[in-house]
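Enquirer: Chain by chain, the residues run as shown.
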Amino acid sequence: MLCVAAANLVSLAQPQVLRFAVDDLYEGVTAEKLGRYAIMLFAIAVFAGVFKYLMRQFIIAISRRLEYELRGELFEHLQTLDAPWLQSHRTGEVMSIATNDLSAVRMMLGPGVMYTVNTIIVSVVSIAFMVAISPRLTFYSLLPLPIVSLCVWWFGDRIHKRFEGVQERFARLSAHVQENLAGMRVVRAFTSERRQAERFAEHNSDYLRQNLDLIRTSGVFQPSLAFFSGLGALLVVWVGGREAVHGRITIGQFVAFTVYLGMLNWPMVALGWVINLFQRGLASYARINAILDTAPGISSAPAASRPAAARGDIEFCHLTFTYPGAAEPALHDVSFRVPAGSTVALVGRTGSGKSTVLSLLPRVFDPPPGTVFLDGVDVRELDLPWLRSQLSPAPQETFLFSATVAENIAYGVPGHDAEAIRGAAALASLDEDVRGFPDGYETRVGERGITLSGGQKQRAAIARAVLRGSPVLLLDDCLSAVDTQTEETILHGLRREMRRRTALLVSHRVSSVRDADEILVFERGRIVERGRHDELLALDGRYAALHRAQQLEEEIEAS
Amino acid sequence: MSEPEHEEDLGRAYDHQLVRRLTAYLRPYRWQVAFAVLVTLAQAAVQLTFPWLTKEAIDLGIRHRDLYALDRIALLYLVALLAAFALGYLQSQIMQGVAQRVMRDLRTSLFRKLQELPASYYDRNPIGRLMTRVTNDVDVLNEMFTSGVDALFGDIFMLIGIVFAMAQLNVELLAVTFSVLPLIFAVTMTFRAKVRRVFRDVRSKLARLNSFLNENLSGMTTVQLLGREERNAAQFRQINAEHRDANLLANTYHAVFFPLLEIVSAIALSLIVWYGGRQVMWTGITLGTLVAFIQYTQRFFRPISDLSEKYGILQQAMASSERIFALLDTPSDPASADFSRPAPVRPARGEGAAGAGLSVEFENVWFAYGGEHWVLKNVSFRVEAGEKVALVGATGSGKSTIASLLLRFYSPQRGTIRVDGRPLQEWDAEALRQRVGLVLQDVFLFSGPIESNLRMDDPALSRETVVRSAHEVHAHEFIERLPGQYDGELRERGASLSAGEKQLLSFARTLARDPDLLILDEATSSVDTHTEQLIQDGLHRLMRDRTSLVIAHRLSTIQDVDRIVVLHHGEVRETGTHAELMALEGLYSRLYQLQYLGGRRGSARAEAEVSSTDI
Chain A
1 MLCVAAANLV
11 SLAQPQVLRF
21 AVDDLYEGVT
31 AEKLGRYAIM
41 LFAIAVFAGV
51 FKYLMRQFII
61 AISRRLEYEL
71 RGELFEHLQT
81 LDAPWLQSHR
91 TGEVMSIATN
101 DLSAVRMMLG
111 PGVMYTVNTI
121 IVSVVSIAFM
131 VAISPRLTFY
141 SLLPLPIVSL
151 CVWWFGDRIH
161 KRFEGVQERF
171 ARLSAHVQEN
181 LAGMRVVRAF
191 TSERRQAERF
201 AEHNSDYLRQ
211 NLDLIRTSGV
221 FQPSLAFFSG
231 LGALLVVWVG
241 GREAVHGRIT
251 IGQFVAFTVY
261 LGMLNWPMVA
271 LGWVINLFQR
281 GLASYARINA
291 ILDTAPGISS
301 APAASRPAAA
311 RGDIEFCHLT
321 FTYPGAAEPA
331 LHDVSFRVPA
341 GSTVALVGRT
351 GSGKSTVLSL
361 LPRVFDPPPG
371 TVFLDGVDVR
381 ELDLPWLRSQ
391 LSPAPQETFL
401 FSATVAENIA
411 YGVPGHDAEA
421 IRGAAALASL
431 DEDVRGFPDG
441 YETRVGERGI
451 TLSGGQKQRA
461 AIARAVLRGS
471 PVLLLDDCLS
481 AVDTQTEETI
491 LHGLRREMRR
501 RTALLVSHRV
511 SSVRDADEIL
521 VFERGRIVER
531 GRHDELLALD
541 GRYAALHRAQ
551 QLEEEIEAS
Chain B
560 MSEPEHEEDL
570 GRAYDHQLVR
580 RLTAYLRPYR
590 WQVAFAVLVT
600 LAQAAVQLTF
610 PWLTKEAIDL
620 GIRHRDLYAL
630 DRIALLYLVA
640 LLAAFALGYL
650 QSQIMQGVAQ
660 RVMRDLRTSL
670 FRKLQELPAS
680 YYDRNPIGRL
690 MTRVTNDVDV
700 LNEMFTSGVD
710 ALFGDIFMLI
720 GIVFAMAQLN
730 VELLAVTFSV
740 LPLIFAVTMT
750 FRAKVRRVFR
760 DVRSKLARLN
770 SFLNENLSGM
780 TTVQLLGREE
790 RNAAQFRQIN
800 AEHRDANLLA
810 NTYHAVFFPL
820 LEIVSAIALS
830 LIVWYGGRQV
840 MWTGITLGTL
850 VAFIQYTQRF
860 FRPISDLSEK
870 YGILQQAMAS
880 SERIFALLDT
890 PSDPASADFS
900 RPAPVRPARG
910 EGAAGAGLSV
920 EFENVWFAYG
930 GEHWVLKNVS
940 FRVEAGEKVA
950 LVGATGSGKS
960 TIASLLLRFY
970 SPQRGTIRVD
980 GRPLQEWDAE
990 ALRQRVGLVL
1000 QDVFLFSGPI
1010 ESNLRMDDPA
1020 LSRETVVRSA
1030 HEVHAHEFIE
1040 RLPGQYDGEL
1050 RERGASLSAG
1060 EKQLLSFART
1070 LARDPDLLIL
1080 DEATSSVDTH
1090 TEQLIQDGLH
1100 RLMRDRTSLV
1110 IAHRLSTIQD
1120 VDRIVVLHHG
1130 EVRETGTHAE
1140 LMALEGLYSR
1150 LYQLQYLGGR
1160 RGSARAEAEV
1170 SSTDI
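Which chain is which? The protein sequence lines are A and B, in order. Numbering of the first sequence is given in our numbering, commencing with residue 1 and proceeding in unit increments. Numbering of the second sequence is given in our numbering, commencing with residue 560 and proceeding in unit increments.
Do not rely on the hints blindly, as some may be mistaken.
Stretches of chain B that chain A covers, calculated by requiring three or more beta carbons in the stretch to come under 8 Å of a beta carbon on chain A [as the list claims (entries may be wrong)]:
| id | segment |
| --- | --- |
| 1 | 612-626 |
| 2 | 629-643 |
| 3 | 712-724 |
| 4 | 735-747 |
| 5 | 752-759 |
| 6 | 771-780 |
| 7 | 803-815 |
To spell it out: a stretch of chain B is covered by chain A in this simulated footprint if at least three of its residues, at any positions, have a beta carbon under 8 Å from a beta carbon of chain A; those stretches are [stated by the list, open to error]:
| id | segment |
| --- | --- |
| 8 | 788-798 |
| 9 | 986-998 |
If you are wondering where the hints come from, they were derived from the structure by calculation, not from laboratory data. For glycine and all other residues, C-beta sits at the position ideal for the given N, C-alpha and C.
The task is simple: from the sequences and hints, build the whole structure.
Expert: And the structure:
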């Protein structure tokens, strides 16, 4: 604040020097005196420069630091929000809040504050100087200036709305292109290229029209500003000229006056702009706060217990579960027990509820109280980070981050070493693939790196789960994109792991579940058959039919 | 998020070849452009009169105590203000209007190009990248047109005008004032390089920040399950801090640059006061001249400090136009729509074909998507006009490729495909596709009204035809239940419909066109028994009275056809009727058993299939 004041006060002295210089010139002056005026002008500029530097360093830097704090807080809060919340908010929406809204808030706190202070000080001081020269002239010359502020505010608002209209049309245009490209084969098969081009032309013209609309408004804006501030200058020349002619002010005062008026110009423009910045900034701040005020729906209970290490005894007890917002339950009265160290397999069609069972254990979705237990304790009573640290999940759809292969395998495993990573990868039959990558384990995957095949991704997820080494393994159909032979190799390696841990295994392949201690057959959210492999074959029900079909399939593939 | 390539490959700000191609797009608007240039010149000239008018007011008005002259000058000032307003408005309207129209034309060219690119191009280039060309890259050019080039042009003219006006006033004083020019260039050049680098740094840090955020939002469940929150927060803090520091550095440069420029301009001012003041006293230049000089000097410095920013915009525009023209230069698929002529008129049913439908013949066809990995190996079979043939085989046997080849999405490396006795390459691709109906496994629907989806925007199809087709394949029933019925809007990809409903819609839109040849890739998605029956019956009606080539997954469909071709690992292994192939006890009979047992698709589906085939 002090810097802003100092910077402006010093700059405002400049016209005064000019005034004396001009007056002296008019009346006769020595070269020495002129030299002194020149040096004074230069010195003022240097002082003002230093203070302006400090002002920017201060206010703008503070806004950047605040932006940093707010963004960090937002990110950390987003990490605590639960899966249902994340699913009900599109990533694009949240991204827009974390980028556009955050930047609007920063603009308010940085340039917004800086120019507000600036405007106030410059206006007060220069108007004071101007009044000192001539109150009458000040009155006339200031007449058009509030119009300038009004102009900026009024146009700023309208331009912003039209700009949003342009953005909206742009989004529609993009959506059309996106759809056209995604459905390219259908478009061509139906020879709709021309019609698609016509539709595109409509969107394109619409976008053009909206842009022209924006230009019509913004095109008036700039010249209007110039006109109204020019009007002030005109009044000074005309009215001020008369005052000078009548000797009520000196020529030096006249010149100083024109300079003051010029200095007032920008703060008036800024005033209107600042009002818009504050309007947008406050609306954005409200949206950010709405997220920050959202309490996580799934979190640790107040007195959550945090035992040393889990034995791995799992029990599901009369579990009936309905997804938030769904009409029908996804699971009906599901009960089974997985004693520590044993393996239970879940088989069934897509949508039969197998994956839902696996997502309730780590509380991705919250099971009803008293239905899911780890070591005899309701998972809802356990400390959430501890609970999750006891589980090693390998999902069907693996999410890999844009990092190296090694980092992805060791994701969520602190203090890993290269040897352990390679061991886990070897167990998941991934080691050989990785050695073929350009930089081995240091090869980047994702956006800026190579793309892994579906099978490689799944094997990376298995390696990740193995390296994690938690007492409970959750394998959710994580070999579906791997060929039968590789699957056999991986399962062979995994069996050793599974003997040491409790494992819940979802699969659609009989070959991967046959060795399980118990096999549960799911249908429409219920367990319809249960038992060991040979027991279920003897039962000659759904499991046995699936088994025969898969044997036949293998035969056909081999022929 | 934003592509990394955008950040890195900033090259020249001016490339003759690219500029020539860009100006070609300006040709239709050459008169507007010429007019805009005139307006810009006039605009700059008017801007130059203001300091001159101030000078006249001081010298003629105030110093000579001439009130009449003062009034006249004030009036001139007002006229100049009004002229500046009018010219400023005109200039922005014409120039930006032209720019927007050029952008529209460019987007149209790009969109048409996208319709003409070969299917293999889409296999290599992700949709996101192509989208960037049509949208973002064109927008970068837009920015050049609106804020860069015309302003640059006006600025340069203005600078020349100022020098000229100052020279008119007093050459000696001009030389003194311009002695600070080297200083300005030194300051601007030093900072230009630094600021550009730091801004590139800010942009890439922001891109990193946003892609990290985006990635972690998408993979949040994984993050939470694996308990990575703390490490990610630390990582985010670091990226966030790097972004902040890059911005702080940029701010420091700004904080130094702008005051420094002001100091330089203050030096010029001091020089004018000192040197000019002496001249006022001894050589008699007027006080008004001195004031005008000060004002001209102030107007001179502003455009110069903008120049470096405009240079950056030009560089980006060149990089974008290079990418745009590279896409426009990609060779088109010879089998693509030709926008230079109207669409061929769809012939009436059966025209030119013997009886109902077109015959299809594959003769020793070999095909690979790339390299030597053959998807089809020496495939030969024939489908007579009006015949129904099923293609059967396990996943990866090459069935779907046959459909792609028939529609000329790809061309076989060896062998010949004939439709209606004519080799495929002799057919006009559009004329061929107009007579072929395609039903894909994964139904692609467009956002918009159901009716336009069924018509596929074909103006030749009436609403009656569309409704009749929907009735025929049992789609009418559920359409009537939807809000808005046929005018009801579908969400992107028909997200609000069930898999079965989408199937029925795709049947209806194909039947509405009454094709001579039907290529159908049967969906494997499981639907409830009632819908299953509707689909079976709809399929039966769709295949009636035309040549049909069906990639079949359902027993009922297989039993409905005249002949079955069994593909295995890209080769034709067996051909014959259902009974013949069953008697052969080969591959087909085992595939049949597999279907009967349900296979991977689950036992409930198998039961539904069995019950619908038991007669």
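Enquirer: So, for every hint listed, does it hold in this structure?
Expert: Here is how each hint holds up against the structure:
1. With 10 residues bearing a CB less than 8 Å from a CB of chain A, the segment 612-626 of chain B meets the requirement of three and the coverage assertion stands.
2. Judged by the Cβ-Cβ criterion of 8 Å, the segment 629-643 of chain B is covered by chain A as claimed, because 9 of its residues qualify and three suffice.
3. Closer than 8 Å: that is the beta-carbon criterion, and the segment 712-724 of chain B has 0 residues meeting it against chain A, so the requirement of 3 is violated.
4. Counting residues of the segment 735-747 of chain B whose C-beta sits closer than 8 Å to any C-beta of chain A gives 0, which falls short of three, so the coverage hint is violated.
5. Evaluation of the coverage hint for the segment 752-759 of chain B: breached, as 0 residues show C-beta separations to chain A shorter than 8 Å, against a requirement of three.
6. Counting residues of the segment 771-780 of chain B whose beta carbon lies closer than 8 Å to any beta carbon of chain A gives 9, which meets the minimum of three for the stated coverage.
7. Counting residues of the segment 803-815 of chain B whose beta carbon lies closer than 8 Å to any beta carbon of chain A gives 8, which meets the minimum of three for the stated coverage.
8. Only residues whose C-beta sits within less than 8 Å of a C-beta in chain A count toward coverage, and the segment 788-798 of chain B has 6 of them, enough to reach three; the restraint holds.
9. Check on the segment 986-998 of chain B: 5 of its residues sit with their Cβ under 8 Å from a Cβ of chain A, so the three-residue criterion for coverage holds.
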